[in-house]
Amino acid sequence: MIRVQRNWTITPTGNSGSDLSKIIIQYKDLLNALVRRELTAGYQQTLIGTAWLLFQPLLSALLYFFVFSRIVKVNTNGIPPFLFYMLGSICWSFFSDIFSGSMYAFIHQAHILQKVYFPRVLIPIAQSINHTIRFGLQLVFFLVPLFFWISTEAGHSGTLLLLLVPVCLLQIILLAMGTGMLVSIWMLRYRDLEFLVQFILRLAMFATPILYPLSIVPEHIQYYFWLNPLSAVFETLRVCFFGKGSIPIWPLIISFVITILIFMAGVRVFTHAEKKIIDFI
Amino acid sequence: MCAYAIKASGISKSYFLGAQKTYSLKRDLQSFINGIFNKEPRTTVHEFWALRDIDFTIEQGEVVAFVGNNGAGKSTLLKILSNVIAPTTGIIEGKGSIASLLEVGTGFHPELTGRENVYLNGHLLGMNKREIDMQFDAIIDFAGIDDFIDTPVKKYSSGMYVRLAFAIAAHVEPDILIVDEVLAVGDTAFQQKCMEKIKKISSQSGRTVILVSHNMTVVEQLCKTVFWLEKGRLIEAGKANDVITKYLSVSHDIVTKKTFLNHHEAPGNDYLRLSSIEVETAEKGEKLFSNLPLAIHCSLKRISVIQQELRFRFILLDAKWNCLIDKYADLVNASAPNYDIDIELPGNLFHAGFYYIYLTAIASDGTFITDFGRVMEYYLSEPESAANIDSPVTWGLMNPVFSFHVKVSPQ
Numbered sequence: 029m030i031r032v033q034r035n036w037t038i039t040p041t042g043n044s045g046s047d048l049s050k051i052i053i054q055y056k057d058l059l060n061a062l063v064r065r066e067l068t069a070g071y072q073q074t075l076i077g078t079a080w081l082l083f084q085p086l087l088s089a090l091l092y093f094f095v096f097s098r099i100v101k102v103n104t105n106g107i108p109p110f111l112f113y114m115l116g117s118i119c120w121s122f123f124s125d126i127f128s129g130s131m132y133a134f135i136h137q138a139h140i141l142q143k144v145y146f147p148r149v150l151i152p153i154a155q156s157i158n159h160t161i162r163f164g165l166q167l168v169f170f171l172v173p174l175f176f177w178i179s180t181e182a183g184h185s186g187t188l189l190l191l192l193v194p195v196c197l198l199q200i201i202l203l204a205m206g207t208g209m210l211v212s213i214w215m216l217r218y219r220d221l222e223f224l225v226q227f228i229l230r231l232a233m234f235a236t237p238i239l240y241p242l243s244i245v246p247e248h249i250q251y252y253f254w255l256n257p258l259s260a261v262f263e264t265l266r267v268c269f270f271g272k273g274s275i276p277i278w279p280l281i282i283s284f285v286i287t288i289l290i291f292m293a294g295v296r297v298f299t300h301a302e303k304k305i306i307d308f309i
Numbered sequence: 164m165c166a167y168a169i170k171a172s173g174i175s176k177s178y179f180l181g182a183q184k185t186y187s188l189k190r191d192l193q194s195f196i197n198g199i200f201n202k203e204p205r206t207t208v209h210e211f212w213a214l215r216d217i218d219f220t221i222e223q224g225e226v227v228a229f230v231g232n233n234g235a236g237k238s239t240l241l242k243i244l245s246n247v248i249a250p251t252t253g254i255i256e257g258k259g260s261i262a263s264l265l266e267v268g269t270g271f272h273p274e275l276t277g278r279e280n281v282y283l284n285g286h287l288l289g290m291n292k293r294e295i296d297m298q299f300d301a302i303i304d305f306a307g308i309d310d311f312i313d314t315p316v317k318k319y320s321s322g323m324y325v326r327l328a329f330a331i332a333a334h335v336e337p338d339i340l341i342v343d344e345v346l347a348v349g350d351t352a353f354q355q356k357c358m359e360k361i362k363k364i365s366s367q368s369g370r371t372v373i374l375v376s377h378n379m380t381v382v383e384q385l386c387k388t389v390f391w392l393e394k395g396r397l398i399e400a401g402k403a404n405d406v407i408t409k410y411l412s413v414s415h416d417i418v419t420k421k422t423f424l425n426h427h428e429a430p431g432n433d434y435l436r437l438s439s440i441e442v443e444t445a446e447k448g449e450k451l452f453s454n455l456p457l458a459i460h461c462s463l464k465r466i467s468v469i470q471q472e473l474r475f476r477f478i479l480l481d482a483k484w485n486c487l488i489d490k491y492a493d494l495v496n497a498s499a500p501n502y503d504i505d506i507e508l509p510g511n512l513f514h515a516g517f518y519y520i521y522l523t524a525i526a527s528d529g530t531f532i533t534d535f536g537r538v539m540e541y542y543l544s545e546p547e548s549a550a551n552i553d554s555p556v557t558w559g560l561m562n563p564v565f566s567f568h569v570k571v572s573p574q
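Protein chains in written order, with this note's numbering: chain U, 29 to 309; chain W, 164 to 574.
Hints are computed from structural coordinates only; laboratory data are not their basis.
None of the values given here were measured: they were computed from a predicted structure.
Please note that a few of the clues may not be correct.
[Said to hold, decoys possible] Straight line, CA to CA, 30 Å or less: simulated DSSO-like cross-link-like pairs of lysine-lysine:
hint: 1; chain 1: W; residue 1: 258; chain 2: U; residue 2: 304
hint: 2; chain 1: U; residue 1: 56; chain 2: W; residue 2: 420
hint: 3; chain 1: W; residue 1: 292; chain 2: U; residue 2: 50
hint: 4; chain 1: W; residue 1: 420; chain 2: W; residue 2: 402
Let the sequences and hints guide you as you build the complete structure.
Now the structure itself:
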């Protein structure tokens, strides 16, 4: 049997490179298996199984609805409050799930990483794919009442805006992966970071216009909100789905640029540290 | 043909032990502030070299083993070869695909079915989907679990789990296979299957196999070349037989005679103590050959008076803790101050390998008098004529000479 001789070298600084497309193509079978593993294993042995996937955002949306709409009486600018909170809740958990999945890439998969080699970046990628699939199901669950509302409401300013949705979702994925990968490396060196990051994540949910529209924030503070790349994403998503308000064009462009930079930094830091960092697990 | 499969030069690996093994923000800030004020850091960093300047070349198609005591750096070296951890210095050049079995069943998820786990684990070991598809039936067959392949592995018995995990490992077909002590799993029959598989892999398809094992019998049977690591350094490399004999004689303090002058260090207790023990074969020399009768001489001293008659119990274990012999001597009078035990085991009784002698003294009413523990260890070598690397793997505990003829008749 004649095999193609692949030559390789192992050096102190060696890594798998940061060309993601090359890695994904070369390891597509493994990536596929890792995603399946996460998907299958997720809700096994729970009473209602995968239904939790739909119940979770529904229950949080209900909670937010009662607290923010009924008690605090937040003005949602003509958007049905329940749909407003449902969208916020599924999109936020989309972000935070990918973020956590990337952040704990090394810690949760330590037993595998210490035994076999593959480009470590496959783990955050697999996590992102896994959560994107879950999010897709939740989105469908959200779209049904949304279209029902649109059909009864004449106020929707056009479906063309829906084309911006994939861009926003891509931004959520890249931002969550980028920040998550940065944190995952630092966290192994400084374990204290884990608690700080958990706290910041909770804080970020309130610092981003998810549970309230940005319009109720006093104008002179609004500028600070735009510093958070997620603000533009969530505002835009609402405009796209509900057709109320206008797209914050400049903040969205700036947020997109920041997202790309963070993602590239994340991939670079992650792939450069992936071999050395195993010593710290 | 002398093409190398792996060529390593100057491999070292250091770890920081003690204070800075895991970093903390507080400590780093502290050392940063100390740095500003030119203070000596309060934390002490202790550098530990797990490997130091290792050079070796492994030829294509060779089966080699790394031996050494625990902590010698064998596993670290395998991890570096597997690309799991990075060396601190040095470079390794290799040719061909590589798969490492540092454990069996890496990535197995209890909720997934056997089939799903075969694919997941296979991919982790570097097989692509087509390769697994081709091998799938062979894997299931090897593991012997066809009925359970679509059952989640959490429902498997531990034996089935290990068999499936190993079956996948055995069907990975890289150019270079790295195996870490995984032979120590499963029952004996299954182990034998695995040994045969490794032999076949290397002999038929010219693949390179790198093993780490504590089982010298296995190493001796499988490998041509052995590397001996000690405290992170490569101290001996060469023909399997030579290195193993040297390694065993040093690492296990192999002596054929032990004498205890100081009572307090001798095995035993306040009733009886060992004063000397010796193993020898008729043919005096450095090695004890397995085909020759083996004589064991043992002298004991009585320290305090024992009221009853007593009998001695002799136990012989092999390197895998199989009890080969457990035998009682006749009752003897306990009033004498000295005892001499002579045991003679026939030749051609056991295979080459490691053996441990345990000794106990028991009173006539069954009460324990003295447990001497392991009093001696010795290594039986294959007789020179039979030391043939191509001899098939055997798992028999005994090796008697008996008639075993196969008659071949035409038609």
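Checked hints:
1. W:258 to U:304: Roughly 24 Å separates the two Cα atoms, so the pair holds.
2. U:56 to W:420: Distance of about 61 Å is beyond 30 Å: violated.
3. W:292 to U:50: holds, 18 Å
4. W:420 to W:402: holds, 27 Å
This entry does not satisfy hint 2, going by the numbered hints stated previously; all others are met.
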